[in-house]
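Could you put the whole structure together from the sequences, leaning on the hints where they help?
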Amino acid sequence: MLPRRSKRVKTAHEVASKPKAKAASKSKNAKTALKAKDAKKAKPHPNAKKSNTQPASPEIRNGRGALRDLLEMPMDIICEIFYRLRPLELLRVARINKAFRSLLMHRSSTHIWKEARNSMPGLPEPFPGMSEPAFAALCFDSYCHLCSRPQIRDVVWEFRMRLCNQCKDTKTTLYQRPTPQCPVRPPVMTAVLSKGSRRSVLTSEAQETADKWKQLTDEKEKKKFIVKRKSQISELERHAAKCREWFMNFKRDRAQEIEMIKKQRYDDICQRLEKIGYEDDVAWVQYSGYALDTVAVFREAKHVTDQVWANIKPTVTKYFNNHIRPRRVADEYFAFLKHSMPSLRKAMATFARSYGNIFPLCANFANSSEVRELLDPTSEDDIDVDFDLLIPVLPKILDDWRQNVDRRLDTYLRS
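At position 360 of the sequence shown the residue is numbered 360 (the working numbering), and the sequence of numbers has no breaks.
Misleading hints may appear alongside valid ones.
What the hints assert, rightly or not - So the derived label-pair ranges between C-beta atoms look like this:
{"id": "1", "residue 1": "D306", "residue 2": "D410", "range": "51 to 59 Å"}
{"id": "2", "residue 1": "G289", "residue 2": "T173", "range": "49 to 57 Å"}
{"id": "3", "residue 1": "L88", "residue 2": "R299", "range": "21 to 29 Å"}
{"id": "4", "residue 1": "R199", "residue 2": "Y287", "range": "49 to 57 Å"}
Said to hold, decoys possible - Dumping the calculated DSS-like pairs for lysine-lysine here, alpha-carbon to alpha-carbon at most 27 Å:
{"id": "5", "residue 1": "K251", "residue 2": "K318"}
{"id": "6", "residue 1": "K212", "residue 2": "K224"}
{"id": "7", "residue 1": "K212", "residue 2": "K171"}
{"id": "8", "residue 1": "K302", "residue 2": "K262"}
{"id": "9", "residue 1": "K212", "residue 2": "K222"}
{"id": "10", "residue 1": "K242", "residue 2": "K220"}
{"id": "11", "residue 1": "K263", "residue 2": "K318"}
{"id": "12", "residue 1": "K302", "residue 2": "K313"}
{"id": "13", "residue 1": "K228", "residue 2": "K212"}
{"id": "14", "residue 1": "K302", "residue 2": "K275"}
{"id": "15", "residue 1": "K313", "residue 2": "K262"}
{"id": "16", "residue 1": "K251", "residue 2": "K114"}
{"id": "17", "residue 1": "K313", "residue 2": "K263"}
{"id": "18", "residue 1": "K318", "residue 2": "K302"}
{"id": "19", "residue 1": "K346", "residue 2": "K396"}
{"id": "20", "residue 1": "K275", "residue 2": "K318"}
{"id": "21", "residue 1": "K228", "residue 2": "K171"}
{"id": "22", "residue 1": "K251", "residue 2": "K263"}
{"id": "23", "residue 1": "K171", "residue 2": "K230"}
{"id": "24", "residue 1": "K168", "residue 2": "K242"}
{"id": "25", "residue 1": "K262", "residue 2": "K275"}
It should be emphasised that the hints constitute simulated quantities derived from the structure, not laboratory data. Each residue gets a CB set at the ideal place from its N, CA and C atoms; glycine is no exception.
The structure is reproduced here in C-alpha coordinates:
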(Lines of atoms letter the chains of each structure in order from A; the text may use other names.)
(Lines give C-alpha, C1' and ligand atoms only; values in the text may rest on other atoms or scores of the structure.)
Protein backbone atom coordinates (compact mmCIF):
# COMPACT_ATOMS: atom_id res chain seq x y z
CA MET A 1 0.00 0.00 0.00
CA LEU A 2 1.28 3.43 -0.86
CA PRO A 3 1.88 5.85 2.02
CA ARG A 4 -0.56 8.69 2.57
CA ARG A 5 -0.36 11.62 0.20
CA SER A 6 0.88 14.13 2.78
CA LYS A 7 3.93 11.92 3.30
CA ARG A 8 4.54 11.31 -0.37
CA VAL A 9 4.54 15.03 -1.22
CA LYS A 10 7.97 15.92 0.05
CA THR A 11 10.56 18.11 -1.54
CA ALA A 12 14.29 17.69 -1.44
CA HIS A 13 14.43 20.65 0.90
CA GLU A 14 12.33 18.81 3.48
CA VAL A 15 14.43 15.68 3.30
CA ALA A 16 17.58 17.72 3.92
CA SER A 17 15.94 19.74 6.71
CA LYS A 18 14.62 17.49 9.48
CA PRO A 19 13.97 20.30 12.00
CA LYS A 20 11.64 21.99 9.56
CA ALA A 21 9.70 18.77 9.00
CA LYS A 22 9.28 18.31 12.74
CA ALA A 23 8.15 21.92 13.12
CA ALA A 24 5.72 21.43 10.28
CA SER A 25 4.24 18.35 11.92
CA LYS A 26 3.66 20.35 15.10
CA SER A 27 1.60 22.83 13.10
CA LYS A 28 -0.73 20.10 11.82
CA ASN A 29 -2.62 20.01 15.12
CA ALA A 30 -3.30 23.74 14.85
CA LYS A 31 -4.46 23.34 11.28
CA THR A 32 -6.77 20.42 12.12
CA ALA A 33 -8.35 22.33 14.99
CA LEU A 34 -8.71 25.36 12.75
CA LYS A 35 -10.51 23.41 10.00
CA ALA A 36 -12.90 21.87 12.55
CA LYS A 37 -13.64 25.32 13.95
CA ASP A 38 -14.29 26.74 10.47
CA ALA A 39 -16.54 23.79 9.57
CA LYS A 40 -18.59 24.37 12.72
CA LYS A 41 -18.97 28.03 11.89
CA ALA A 42 -19.90 27.27 8.31
CA LYS A 43 -22.84 24.97 9.29
CA PRO A 44 -26.06 26.79 8.28
CA HIS A 45 -28.82 27.49 10.75
CA PRO A 46 -31.86 25.17 10.36
CA ASN A 47 -34.24 28.13 9.97
CA ALA A 48 -31.98 30.05 7.64
CA LYS A 49 -33.44 30.94 4.25
CA LYS A 50 -31.78 29.48 1.20
CA SER A 51 -30.18 32.05 -1.02
CA ASN A 52 -30.87 32.02 -4.75
CA THR A 53 -27.64 33.83 -5.44
CA GLN A 54 -25.32 31.77 -7.62
CA PRO A 55 -21.63 31.67 -6.74
CA ALA A 56 -19.44 33.94 -8.80
CA SER A 57 -17.76 32.22 -11.70
CA PRO A 58 -13.96 32.17 -11.93
CA GLU A 59 -14.13 34.62 -14.83
CA ILE A 60 -15.95 37.31 -12.83
CA ARG A 61 -14.51 36.49 -9.41
CA ASN A 62 -11.49 38.59 -10.45
CA GLY A 63 -9.03 36.71 -8.22
CA ARG A 64 -11.01 37.06 -5.00
CA GLY A 65 -10.59 34.05 -2.72
CA ALA A 66 -7.75 32.64 -4.82
CA LEU A 67 -5.86 31.64 -1.65
CA ARG A 68 -8.70 29.83 0.07
CA ASP A 69 -7.54 26.46 -1.33
CA LEU A 70 -4.09 26.94 0.12
CA LEU A 71 -5.16 25.73 3.56
CA GLU A 72 -6.40 22.48 2.00
CA MET A 73 -2.85 21.54 1.01
CA PRO A 74 -0.63 19.31 3.17
CA MET A 75 1.05 21.18 5.97
CA ASP A 76 4.55 20.46 4.70
CA ILE A 77 3.73 22.15 1.38
CA ILE A 78 2.23 25.15 3.18
CA CYS A 79 5.41 25.48 5.23
CA GLU A 80 7.58 25.29 2.12
CA ILE A 81 5.58 28.15 0.63
CA PHE A 82 5.82 30.24 3.78
CA TYR A 83 9.55 29.53 4.13
CA ARG A 84 10.11 31.56 0.96
CA LEU A 85 8.32 34.67 2.23
CA ARG A 86 9.88 37.65 3.94
CA PRO A 87 8.64 38.94 7.31
CA LEU A 88 6.54 41.75 5.83
CA GLU A 89 4.96 39.33 3.35
CA LEU A 90 4.11 36.96 6.21
CA LEU A 91 2.48 39.84 8.07
CA ARG A 92 0.32 40.61 5.05
CA VAL A 93 -0.68 36.97 4.64
CA ALA A 94 -1.61 36.79 8.33
CA ARG A 95 -3.97 39.73 7.82
CA ILE A 96 -5.85 38.22 4.89
CA ASN A 97 -8.43 36.50 7.09
CA LYS A 98 -8.87 34.79 10.44
CA ALA A 99 -7.83 31.41 9.08
CA PHE A 100 -4.39 32.56 8.00
CA ARG A 101 -4.00 34.62 11.15
CA SER A 102 -4.81 31.68 13.40
CA LEU A 103 -2.38 29.49 11.50
CA LEU A 104 0.56 31.90 11.43
CA MET A 105 0.07 33.29 14.93
CA HIS A 106 -0.02 29.85 16.52
CA ARG A 107 2.99 29.05 18.67
CA SER A 108 3.80 26.02 16.52
CA SER A 109 4.39 28.34 13.52
CA THR A 110 7.34 30.10 15.18
CA HIS A 111 9.76 28.24 12.90
CA ILE A 112 8.15 29.92 9.87
CA TRP A 113 8.83 33.38 11.28
CA LYS A 114 12.39 32.42 12.21
CA GLU A 115 13.03 31.27 8.65
CA ALA A 116 11.65 34.57 7.34
CA ARG A 117 13.83 36.54 9.76
CA ASN A 118 16.92 34.59 8.71
CA SER A 119 16.24 35.54 5.10
CA MET A 120 16.97 39.19 5.99
CA PRO A 121 20.76 39.70 6.11
CA GLY A 122 22.05 40.99 9.43
CA LEU A 123 18.66 41.19 11.17
CA PRO A 124 19.19 40.60 14.92
CA GLU A 125 17.07 38.28 17.01
CA PRO A 126 13.91 39.62 18.71
CA PHE A 127 14.16 41.56 21.95
CA PRO A 128 13.92 39.41 25.10
CA GLY A 129 10.28 38.64 25.76
CA MET A 130 9.14 39.68 22.25
CA SER A 131 7.63 37.15 19.87
CA GLU A 132 8.76 36.67 16.29
CA PRO A 133 5.59 38.18 14.72
CA ALA A 134 5.76 41.20 17.06
CA PHE A 135 9.40 41.76 16.17
CA ALA A 136 8.61 41.46 12.45
CA ALA A 137 5.89 44.10 12.84
CA LEU A 138 8.32 46.34 14.71
CA CYS A 139 10.96 46.09 11.99
CA PHE A 140 8.87 46.13 8.82
CA ASP A 141 5.38 47.45 9.59
CA SER A 142 4.56 51.15 9.30
CA TYR A 143 1.88 51.77 11.93
CA CYS A 144 2.17 53.62 15.23
CA HIS A 145 2.03 51.08 18.06
CA LEU A 146 -0.17 53.34 20.21
CA CYS A 147 -2.61 55.05 17.84
CA SER A 148 -2.25 52.92 14.65
CA ARG A 149 -1.46 55.94 12.52
CA PRO A 150 0.01 54.75 9.18
CA GLN A 151 3.20 55.71 7.38
CA ILE A 152 5.43 55.84 10.48
CA ARG A 153 8.97 55.26 9.23
CA ASP A 154 11.09 55.71 12.36
CA VAL A 155 11.41 53.15 15.14
CA VAL A 156 12.15 54.03 18.78
CA TRP A 157 14.24 50.97 19.49
CA GLU A 158 14.71 51.82 23.18
CA PHE A 159 10.93 51.61 23.61
CA ARG A 160 10.54 48.73 21.11
CA MET A 161 7.83 50.75 19.39
CA ARG A 162 7.03 52.80 16.34
CA LEU A 163 5.68 56.14 17.55
CA CYS A 164 4.23 59.03 15.60
CA ASN A 165 5.20 62.58 16.57
CA GLN A 166 1.95 63.12 18.43
CA CYS A 167 2.43 60.03 20.60
CA LYS A 168 6.03 61.00 21.23
CA ASP A 169 4.72 64.24 22.75
CA THR A 170 1.72 62.86 24.64
CA LYS A 171 2.90 59.38 25.70
CA THR A 172 6.39 60.25 26.94
CA THR A 173 7.61 62.12 29.99
CA LEU A 174 10.65 64.31 30.30
CA TYR A 175 13.64 62.85 32.08
CA GLN A 176 13.57 63.63 35.81
CA ARG A 177 16.11 63.56 38.59
CA PRO A 178 15.72 61.04 41.44
CA THR A 179 12.87 61.86 43.80
CA PRO A 180 12.09 60.67 47.35
CA GLN A 181 9.27 58.52 45.95
CA CYS A 182 11.60 56.94 43.37
CA PRO A 183 15.23 57.56 44.40
CA VAL A 184 16.66 55.68 41.41
CA ARG A 185 17.86 57.35 38.24
CA PRO A 186 15.33 56.87 35.42
CA PRO A 187 17.93 55.35 33.05
CA VAL A 188 18.21 52.51 35.56
CA MET A 189 14.44 52.22 35.88
CA THR A 190 13.47 52.51 32.22
CA ALA A 191 14.92 53.24 28.80
CA VAL A 192 15.53 56.84 27.78
CA LEU A 193 14.92 58.43 24.38
CA SER A 194 17.48 61.13 23.67
CA LYS A 195 16.77 63.69 20.95
CA GLY A 196 19.16 66.60 21.13
CA SER A 197 19.02 68.05 24.62
CA ARG A 198 15.57 66.55 25.23
CA ARG A 199 15.57 63.26 27.13
CA SER A 200 12.28 61.48 27.74
CA VAL A 201 10.96 58.15 29.00
CA LEU A 202 7.83 56.20 28.10
CA THR A 203 5.19 57.32 30.60
CA SER A 204 3.47 53.95 31.00
CA GLU A 205 6.74 52.08 31.54
CA ALA A 206 8.07 54.68 33.98
CA GLN A 207 4.83 54.61 35.98
CA GLU A 208 4.79 50.81 36.07
CA THR A 209 8.39 50.70 37.28
CA ALA A 210 7.75 53.39 39.89
CA ASP A 211 4.75 51.45 41.20
CA LYS A 212 6.88 48.34 41.58
CA TRP A 213 9.50 50.36 43.43
CA LYS A 214 6.94 51.74 45.88
CA GLN A 215 5.84 48.21 46.76
CA LEU A 216 9.36 47.28 47.87
CA THR A 217 10.00 47.74 51.61
CA ASP A 218 13.08 45.65 52.26
CA GLU A 219 16.45 47.22 51.38
CA LYS A 220 17.76 43.90 50.08
CA GLU A 221 14.80 43.62 47.70
CA LYS A 222 15.43 47.16 46.50
CA LYS A 223 19.09 46.37 45.81
CA LYS A 224 18.14 43.22 43.91
CA PHE A 225 15.55 45.19 41.97
CA ILE A 226 18.13 47.83 40.99
CA VAL A 227 20.68 45.21 39.91
CA LYS A 228 18.05 43.39 37.85
CA ARG A 229 16.81 46.58 36.20
CA LYS A 230 20.35 47.69 35.39
CA SER A 231 21.02 44.38 33.69
CA GLN A 232 17.75 44.53 31.74
CA ILE A 233 18.26 48.12 30.60
CA SER A 234 21.88 47.47 29.61
CA GLU A 235 20.86 44.45 27.55
CA LEU A 236 18.01 46.43 26.02
CA GLU A 237 20.30 49.29 25.01
CA ARG A 238 22.87 46.93 23.47
CA HIS A 239 20.16 45.16 21.49
CA ALA A 240 18.61 48.49 20.46
CA ALA A 241 21.99 49.65 19.15
CA LYS A 242 22.30 46.51 16.99
CA CYS A 243 18.77 46.95 15.66
CA ARG A 244 19.35 50.64 14.94
CA GLU A 245 22.51 49.89 12.97
CA TRP A 246 20.75 47.17 10.98
CA PHE A 247 17.77 49.45 10.32
CA MET A 248 19.98 52.24 8.96
CA ASN A 249 21.70 49.81 6.59
CA PHE A 250 18.34 48.33 5.61
CA LYS A 251 16.86 51.74 4.76
CA ARG A 252 19.96 52.69 2.77
CA ASP A 253 19.92 49.45 0.79
CA ARG A 254 16.17 49.74 0.27
CA ALA A 255 16.52 53.31 -1.02
CA GLN A 256 19.19 52.18 -3.49
CA GLU A 257 17.01 49.29 -4.60
CA ILE A 258 14.05 51.62 -5.18
CA GLU A 259 16.19 54.02 -7.21
CA MET A 260 17.43 51.14 -9.36
CA ILE A 261 13.84 50.02 -9.98
CA LYS A 262 12.82 53.56 -10.91
CA LYS A 263 15.76 53.90 -13.31
CA GLN A 264 14.94 50.55 -14.88
CA ARG A 265 11.31 51.63 -15.24
CA TYR A 266 12.38 54.89 -16.89
CA ASP A 267 14.61 53.06 -19.37
CA ASP A 268 11.93 50.45 -20.14
CA ILE A 269 9.30 53.10 -20.88
CA CYS A 270 11.71 55.00 -23.16
CA GLN A 271 12.55 51.81 -25.06
CA ARG A 272 8.89 50.99 -25.53
CA LEU A 273 8.22 54.54 -26.74
CA GLU A 274 10.99 54.26 -29.32
CA LYS A 275 9.38 51.11 -30.70
CA ILE A 276 6.08 52.92 -31.41
CA GLY A 277 7.52 55.95 -33.22
CA TYR A 278 8.75 58.33 -30.51
CA GLU A 279 12.49 57.93 -31.22
CA ASP A 280 13.06 61.64 -31.95
CA ASP A 281 11.10 62.70 -28.87
CA VAL A 282 13.02 60.36 -26.57
CA ALA A 283 16.32 61.51 -28.08
CA TRP A 284 15.32 65.16 -27.55
CA VAL A 285 14.46 64.44 -23.89
CA GLN A 286 17.88 62.88 -23.30
CA TYR A 287 19.73 65.62 -25.22
CA SER A 288 17.90 68.59 -23.69
CA GLY A 289 18.00 67.24 -20.12
CA TYR A 290 14.23 67.55 -19.76
CA ALA A 291 13.24 66.34 -16.28
CA LEU A 292 11.02 63.52 -17.44
CA ASP A 293 11.71 61.52 -14.29
CA THR A 294 9.64 64.03 -12.29
CA VAL A 295 6.47 62.82 -14.02
CA ALA A 296 4.56 60.49 -11.68
CA VAL A 297 4.17 57.61 -14.12
CA PHE A 298 7.94 57.50 -14.62
CA ARG A 299 8.81 57.65 -10.91
CA GLU A 300 6.84 54.68 -9.61
CA ALA A 301 9.02 51.94 -8.14
CA LYS A 302 7.42 49.17 -10.20
CA HIS A 303 8.77 47.11 -13.06
CA VAL A 304 7.15 47.59 -16.45
CA THR A 305 5.51 44.36 -17.59
CA ASP A 306 3.39 44.01 -20.71
CA GLN A 307 0.25 44.44 -18.63
CA VAL A 308 1.62 47.52 -16.86
CA TRP A 309 2.62 49.02 -20.21
CA ALA A 310 -0.87 48.40 -21.59
CA ASN A 311 -2.29 50.34 -18.62
CA ILE A 312 0.08 53.33 -18.74
CA LYS A 313 0.58 53.58 -22.51
CA PRO A 314 -2.36 56.00 -23.10
CA THR A 315 -1.12 58.31 -20.32
CA VAL A 316 2.50 58.27 -21.51
CA THR A 317 1.71 58.84 -25.19
CA LYS A 318 -0.74 61.62 -24.33
CA TYR A 319 1.94 63.36 -22.27
CA PHE A 320 4.46 63.07 -25.10
CA ASN A 321 1.97 64.36 -27.69
CA ASN A 322 0.88 67.32 -25.55
CA HIS A 323 4.16 68.34 -23.91
CA ILE A 324 7.28 66.73 -25.36
CA ARG A 325 6.64 66.76 -29.09
CA PRO A 326 5.54 70.44 -29.33
CA ARG A 327 8.68 71.50 -27.44
CA ARG A 328 10.90 69.36 -29.62
CA VAL A 329 9.37 70.73 -32.82
CA ALA A 330 9.71 74.30 -31.52
CA ASP A 331 13.35 73.76 -30.59
CA GLU A 332 14.14 72.25 -33.97
CA TYR A 333 12.39 75.12 -35.77
CA PHE A 334 14.18 77.88 -33.90
CA ALA A 335 17.50 76.06 -34.27
CA PHE A 336 16.94 75.96 -38.02
CA LEU A 337 15.75 79.55 -37.97
CA LYS A 338 19.14 80.73 -36.73
CA HIS A 339 20.73 79.57 -39.99
CA SER A 340 18.02 81.19 -42.10
CA MET A 341 17.83 84.45 -40.14
CA PRO A 342 20.23 86.51 -42.34
CA SER A 343 18.24 85.66 -45.46
CA LEU A 344 14.97 86.33 -43.64
CA ARG A 345 16.15 89.75 -42.44
CA LYS A 346 17.18 90.69 -45.96
CA ALA A 347 13.81 89.63 -47.39
CA MET A 348 11.92 91.50 -44.66
CA ALA A 349 13.84 94.70 -45.41
CA THR A 350 12.73 94.43 -49.04
CA PHE A 351 9.11 93.80 -48.05
CA ALA A 352 9.11 96.72 -45.58
CA ARG A 353 10.32 99.17 -48.23
CA SER A 354 7.56 98.04 -50.55
CA TYR A 355 4.78 98.47 -47.98
CA GLY A 356 6.11 101.43 -46.05
CA ASN A 357 3.64 100.99 -43.18
CA ILE A 358 4.15 99.42 -39.76
CA PHE A 359 5.83 96.08 -40.29
CA PRO A 360 6.17 93.18 -37.83
CA LEU A 361 9.47 92.33 -36.20
CA CYS A 362 11.53 89.47 -37.53
CA ALA A 363 10.47 87.13 -34.68
CA ASN A 364 6.75 87.84 -35.24
CA PHE A 365 7.17 87.37 -38.98
CA ALA A 366 8.99 84.07 -38.52
CA ASN A 367 6.19 82.73 -36.26
CA SER A 368 3.53 83.01 -38.96
CA SER A 369 2.26 79.70 -40.32
CA GLU A 370 3.22 80.63 -43.91
CA VAL A 371 6.85 81.24 -42.98
CA ARG A 372 6.99 78.08 -40.85
CA GLU A 373 5.77 76.03 -43.81
CA LEU A 374 8.43 77.56 -46.03
CA LEU A 375 11.22 76.87 -43.54
CA ASP A 376 11.67 73.09 -43.34
CA PRO A 377 13.52 72.13 -40.12
CA THR A 378 13.87 68.53 -41.31
CA SER A 379 16.00 69.55 -44.27
CA GLU A 380 19.65 68.63 -43.77
CA ASP A 381 20.88 70.63 -46.78
CA ASP A 382 22.32 74.04 -46.05
CA ILE A 383 20.60 75.95 -48.85
CA ASP A 384 19.12 79.45 -49.04
CA VAL A 385 15.36 79.70 -48.78
CA ASP A 386 13.54 81.52 -51.57
CA PHE A 387 11.50 84.07 -49.59
CA ASP A 388 10.05 85.49 -52.80
CA LEU A 389 7.52 82.69 -52.53
CA LEU A 390 5.96 84.66 -49.67
CA ILE A 391 5.08 87.69 -51.83
CA PRO A 392 1.62 86.36 -52.86
CA VAL A 393 0.63 85.66 -49.23
CA LEU A 394 2.36 88.70 -47.71
CA PRO A 395 -0.88 90.75 -47.35
CA LYS A 396 -2.50 87.90 -45.43
CA ILE A 397 0.50 87.65 -43.10
CA LEU A 398 0.35 91.37 -42.35
CA ASP A 399 -3.43 91.35 -41.83
CA ASP A 400 -3.23 88.43 -39.40
CA TRP A 401 -0.44 90.12 -37.51
CA ARG A 402 -2.32 93.46 -37.25
CA GLN A 403 -5.49 91.73 -36.04
CA ASN A 404 -3.51 89.88 -33.41
CA VAL A 405 -1.83 93.11 -32.23
CA ASP A 406 -5.17 94.97 -32.12
CA ARG A 407 -6.79 92.15 -30.17
CA ARG A 408 -3.99 92.10 -27.60
CA LEU A 409 -4.05 95.89 -27.27
CA ASP A 410 -7.82 95.90 -26.77
CA THR A 411 -7.51 93.22 -24.07
CA TYR A 412 -4.77 95.20 -22.35
CA LEU A 413 -6.83 98.44 -22.35
CA ARG A 414 -9.92 96.70 -20.99
CA SER A 415 -8.07 95.05 -18.10
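Structure-inconsistent hints, enumerated in ascending order:
5, 10
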